[in-house]
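A.B. asks: First to last, the sequence lines map onto chains B and G. Residue numbers for the first sequence follow the numbering used here, beginning at 113 and rising by one. Residue numbers for the second sequence follow the numbering used here, beginning at -14 and rising by one.
The hints are simulated quantities; they were obtained by calculation from the structure and are not laboratory data. It should be emphasised that the depicted structure is a prediction, and the values quoted were computed from it without experimental measurement. Treat each hint with caution, since some may be false.
[To be verified] Pairs of lysine-lysine residues, derived as DSBU-like cross-links and limited to a Cα-Cα distance of at most 35 Å, are as follows:
1) K18/G - K89/G
2) K127/G - K181/G
3) K262/B - K228/G
4) K122/B - K205/B
5) K93/G - K262/B
6) K127/G - K415/B
7) K228/G - K89/G
8) K228/G - K127/G
9) K18/G - K241/B
10) K460/B - K18/G
11) K181/G - K18/G
12) K127/G - K241/B
13) K462/B - K89/G
14) K415/B - K93/G
15) K18/G - K228/G
16) K18/G - K93/G
17) K93/G - K241/B
18) K415/B - K181/G
19) K460/B - K89/G
20) K228/G - K462/B
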Amino acid sequence: MIYREAGDFKTSYRSDGQTFPIRLDRWGYYAVLAVAFGVLPFVIDDYWANAVFVPFLIYAIAALGLNILTGYAGQVSLGTGGFMAVGAYAVYKLMTAFPDISVMIHILLAGGITAGVGVLFGLPSLRIKGFYLAVATLAAQFFLVWLFNKVPWFYNNSASGQITAPTRTVLDIAVTGPTATAPAKYLTCLVFVVALAWVARNLTRGTIGRKWMAIRDMDIAAEIIGVNPLAAKLSAFAVSSFFIGIAGALLFAVYLGAAEVGEAFGINKSFLVLFMIIIGGLGSIFGSFAGAAFLVLLPVLLKNTLVGGFGWPTDLAAHIELMVVGALIVTFLIVEPHGLARLWQLAKEKLRLWPFPH
Amino acid sequence: MDQLIFAGEVFLNGLMTGVMYALVALGFVLIFKASGVFNYAQGVLALFAALTLVGIQQGQIPFAHLINAAFGTSLHHFGWTVPAVLAIALTAGVMVLLAFLIEKLVLKHLVGQEPIILFMATIGLAYFLEGLGDVMWGADIKTLDVGLPQGISDAIESTTANWFGYGFFIDRLDIWATVIAAALVAALVAFSQYTKQGRAMRAVADDHQAALSVGISLRFIWVMVWSIAGFVALVAGIMWGTKSGVQFSLSLIALKALPVLMLGGFTSIPGAIVGGLIIGVGEKLFEFLIGPMVGGATENWFAYVLALLFLVFRPQGLFGERIIERV
Chain B
113 MIYREAGDFK TSYRSDGQTF PIRLDRWGYY AVLAVAFGVL PFVIDDYWAN AVFVPFLIYA
173 IAALGLNILT GYAGQVSLGT GGFMAVGAYA VYKLMTAFPD ISVMIHILLA GGITAGVGVL
233 FGLPSLRIKG FYLAVATLAA QFFLVWLFNK VPWFYNNSAS GQITAPTRTV LDIAVTGPTA
293 TAPAKYLTCL VFVVALAWVA RNLTRGTIGR KWMAIRDMDI AAEIIGVNPL AAKLSAFAVS
353 SFFIGIAGAL LFAVYLGAAE VGEAFGINKS FLVLFMIIIG GLGSIFGSFA GAAFLVLLPV
413 LLKNTLVGGF GWPTDLAAHI ELMVVGALIV TFLIVEPHGL ARLWQLAKEK LRLWPFPH
Chain G
-14 MDQLIFAGEV FLNGLMTGVM YALVALGFVL IFKASGVFNY AQGVLALFAA LTLVGIQQGQ
46 IPFAHLINAA FGTSLHHFGW TVPAVLAIAL TAGVMVLLAF LIEKLVLKHL VGQEPIILFM
106 ATIGLAYFLE GLGDVMWGAD IKTLDVGLPQ GISDAIESTT ANWFGYGFFI DRLDIWATVI
166 AAALVAALVA FSQYTKQGRA MRAVADDHQA ALSVGISLRF IWVMVWSIAG FVALVAGIMW
226 GTKSGVQFSL SLIALKALPV LMLGGFTSIP GAIVGGLIIG VGEKLFEFLI GPMVGGATEN
286 WFAYVLALLF LVFRPQGLFG ERIIERV
């Protein structure tokens, strides 16, 4: 039939434990990958890449990272913007210091550096919890932004205090800098998204993910059954910061091209990513994507309707956007605290029985 | 010696700033004690109150910007001005109405949710109110003047000039803010200790279910607490608005109040005040002594790092209730 487990026989433990146990889901996943890799790069233009796809992919990585920390391990963080800045400045320093090494390696290294910084700021999580920790991560946010503003070494003493991405190529195609084309930018981000989503999915359903969830649900109880809180919390901070660092590196090097730390990585970025995982769904890989897509598309849609459609001034549209986002957050928390991911799951449950409800 | 006198001036100014922080932190503590909600929107409440006050005072037409955009009109002012006292009273009314609506539309539906969900809901609320304030009254920077004295205090300058040979620069507005904040705290303490509603509020703070079982209306208390928090926000909005103009950055003082709370403990009114003073003095002195060596603008992060280091050693803050966890 259409969407059924029945008839899809598993003959090994491996196939029984796979991510998409239902055949149609599997096909859907491969179809999405095929379209993303095989069709979109050939049809994408500058507008769609810059307004929708590239920011969506980058924020999806950031949301995955924050979801690992907040959704799976239960440690609320408001320092996402600061950690993204670490990734951006790390990739900038690496790109300018070692121009001969591939930029892909630089981006991965930037993630690694961010992971180290994340662990450092994650140390207080061993003593403090909940709101206190959320506020403590604000220290990371403000301190890091200040640091990148005040120490000229980080921006190579440039007069404007900005960092600008030099042109770097992968397989002789420019992926950063002003000459990079829309398909090149899109494909670079896509490769990272697919790889990192695969990593995130497999980490969260293995031993380490179960430890994170045990800590989230009740840390004292988790400690009693033998989960080491030090290792679990710090590994969550490390993995999460690795993802967020890569998102920051891509945001600066591939998407923005030039960045000023206070503007590009301020506190608002932290909230934006937090909203993505609330709306998408805490503790869900699909939710990270759904939330990122929703909050990237919403401003574009509102702007097109209000400014393009009604001809209202842009500042008014921006304020209305604030109201809509705020109201949506509250509505989601009231109606569906588990976000879009939960709605998607409910729809699939219904579909498995459809058209016979019993 | 000169250095010491300068440090003394910085210290005094830090104390004054600390009082302003404490004023915002007070609103947080009130709501947190009574409903367990960590109200991130407190700073935006202050901004909204200040915007509304200016709007009413100058006779602005609410939503003029939106109406103009939608219908092509060009409305902006009613053409009258409202006296400061009346405008403050009207704004207080608006804040009570807002408290009622927040309870009715948001909090009522979130009873029994985890604290972190409630916290995130208030972040959403903060965004909504920020947008609403801008759409209602326009986003341009406004000056707020309700007749509070401003400028350097001559009396203090001449006295200190006689004592040390150097006149201290202290803003009269800061002195007034200190006096008003002290009066407000005294009034709040008296209210919660000696009135029926105040006792009911403390009962709710102590135990929701026990309070319900002796016949206290939880919803009434919540509306009341949010109204009081709105009123505190109004006072804070007037002070900060007079000091630095009514603009978006006003809502960021909420972020400054967070480390104050962490230092003082989320549940303690004296804690909010002592925490505010420590942060105010600490960040001013740090900027004065260490700031020039590391490039300045350390005020942006000093408070958070101080609070962070402090919490590692005493997780419940200075005056907070001891955190006891059981499985």
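A.B. asks: If you test the structure against every hint from before, which numbers come out violated?
C.D. replies: 2, 4, 5, 10, 12, 18, 20
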